[in-house]
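A.B. asks: Full structure from sequences and hints, please.
Residues per chain are reported as follows:
2 protein chains.
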Amino acid sequence: MALLSVLTPVLALLLCLVVGYMLLKSRHAESTSGQEAKVDSRPWVDQDLQDDTEHAQREDGREGDDWVDSSEKQDIPHVPYSATRYPEETMVERSKEFYSLLNQRRTVRRISPEPVPREVIDTVIRTAGTAPSGAHTEPWTFVVVSDPEIKHQIRQIVEEEEEVNYRQRMGDKWVKDLAKFRTNWIKDYLDVAPYLILIFKQTYGILANNKKKTHYYNEISVSIACGILLAALQNVGLVTVTSTPLNCGPQLRLLLKRPTNEKLLMLLPVGYPAADATVPQLKRKPLEDIVVHI
Amino acid sequence: MALLSVLTPVLALLLCLVVGYMLLKSRHAESTSGQEAKVDSRPWVDQDLQDDTEHAQREDGREGDDWVDSSEKQDIPHVPYSATRYPEETMVERSKEFYSLLNQRRTVRRISPEPVPREVIDTVIRTAGTAPSGAHTEPWTFVVVSDPEIKHQIRQIVEEEEEVNYRQRMGDKWVKDLAKFRTNWIKDYLDVAPYLILIFKQTYGILANNKKKTHYYNEISVSIACGILLAALQNVGLVTVTSTPLNCGPQLRLLLKRPTNEKLLMLLPVGYPAADATVPQLKRKPLEDIVVHI
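First to last, the protein sequences are chains A and B.
Here the first sequence is numbered in full-length UniProt numbering, starting from 1 and rising by one per residue.
Here the second sequence is numbered in full-length UniProt numbering, starting from 1 and rising by one per residue.
Simulated from the structure, these hints should not be mistaken for lab results.
Wrong hints could be hidden among the right ones.
Remember, identical chains collapse to one label, so a pair may be satisfied in a single copy or spanning two.
What the hints assert, rightly or not - 30 angstroms max Cα-Cα, derived DSS-like pairs, lysine-lysine:
no., residue 1, residue 2
1, Lys285, Lys212
2, Lys96, Lys211
3, Lys212, Lys96
4, Lys257, Lys211
5, Lys257, Lys283
6, Lys212, Lys283
7, Lys212, Lys257
8, Lys257, Lys285
9, Lys285, Lys211
10, Lys211, Lys283
C.D. replies: So, in structure tokens, the structure goes:
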């Protein structure tokens, strides 16, 4: 008891230190896991705002929810908007033609090695770059790989990850049929396709003063650009495999020497379909299953 | 000192309780903020997999990263893929025409109240529904609102949220010029546009046995579908305002009676541009700023 009595100040000090450390740690955890919470205490808002936009910097202001472009803040002059106005019958006809074109789009894994004009690739990417983006930040980088050696390194990185995925899945349930799945992680189209387009989202920008610039809704913006890219590819008769190899993102980013604010969103091997390409006979949901009129 | 000596066991007990509580709390924080960590211990994977896909159910298996459609697992027959093969000059020409069309797309806030053929709206939505999706889950619902009363209620919900956004922002820096910002949260196009298209992502599906079905990459998939929808609207001469009113998602979901697995991703007011519509004179990044060839 006498010993304890002597130790009491030490214990008290220890208590203070431990509690202080834990408090600091838990606060840090809160501030990284729930950045939105500081701005607004309504829990349903926080829950819905799970976008990986980095809100490092609020200097440029919260834009609200429609994608006001930054030019509007800076009082950039407005010009009349001139649009082509089609007669109703033409509208109906054009909408059906475009539907018919895009309804033929399929994911095709057997891609021909034949060369594709680079001008076409540049133009479809330019087209993707017309997509809207939060606060007109245009937070996308399209890395086009045609170098066979780099394509092969990409293939190795992706296949290694895929093998892990498939083996984990098989470890759970499908242990017996290794050979069947094997075809799924072997992606020879990554060697064969004349172009691989890797689309990076810029999770934040860098301002002239070296501070971070928030790229609101960057993932949604870049995904919209990818949708337009897929339409543009279909429009010229090229095929691709829609893939989001997020697991390989960091390795591929290093391989392609992209800066740390960029994260891989999509990898699209692009080319003509191989002569013997096949696709599964799948159906799309009918209109009434995807639309509700009110 | 005698008093402290008596209190020592109490202090020790207190120390244990506090440390135990803090440990529990910090563990809880870790388990909620990093669900992926349980599946895979590679930190760079966890960091990159920030998608709000609900991984409630792994019964249908991890699909790997390319969007293998579920039909392939079920040995659905494959059919030859037949594509239109254009001569190179035609490809170049088609790619330029499509770029020219989409490069004219702008966000237009002055929308005409003139009616738009419903058939066109249905066809552009059908076109959006041709988008690829993780494991071919087609995780989208397009709610088309033409009822004036419901449109007005939507406007009220959105404007209320926007006012909060703008006032918070002004609270920070721009306190003086209320009137200037007021135009930003007043969205009369939500009353005026003949159609409002609200696009919901289905964060998970419901299987026949009432269990949850994982919708991998649902936000990316639905955003891609939105990109195709924007292209289809531009193709028929209609305009919209790209907006992601995520803050109002839960209220709008209730108003439109959508189930809890659906979350609002986008709200697009759609119509012809008003005769006097203007747009800011903004520029898009040149090709060399968005593309890297390797």
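A.B. asks: It remains to establish, for every hint, whether it holds in the given structure.
C.D. replies: Now for the hints, and whether the structure bears them out:
1. Lys285 to Lys212: between (42 angstroms within a copy, 19 angstroms between copies)
2. Lys96 to Lys211: neither (47 angstroms within a copy, 37 angstroms between copies)
3. Lys212 to Lys96: Classified as neither: same-chain Cα gap 44 angstroms, cross-chain 35 angstroms, threshold 30 angstroms.
4. Lys257 to Lys211: Close inside one copy (21 angstroms), not across copies (43 angstroms); limit 30 angstroms.
5. Lys257 to Lys283: between (40 angstroms within a copy, 27 angstroms between copies)
6. Lys212 to Lys283: between (45 angstroms within a copy, 22 angstroms between copies)
7. Lys212 to Lys257: Classified as within; 20 angstroms inside a copy, 40 angstroms across copies.
8. Lys257 to Lys285: between (41 angstroms within a copy, 21 angstroms between copies)
9. Lys285 to Lys211: between (46 angstroms within a copy, 21 angstroms between copies)
10. Lys211 to Lys283: For Lys211 and Lys283, only the inter-copy Cα distance (23 angstroms) is at most 30 angstroms; the intra-copy one is 49 angstroms.
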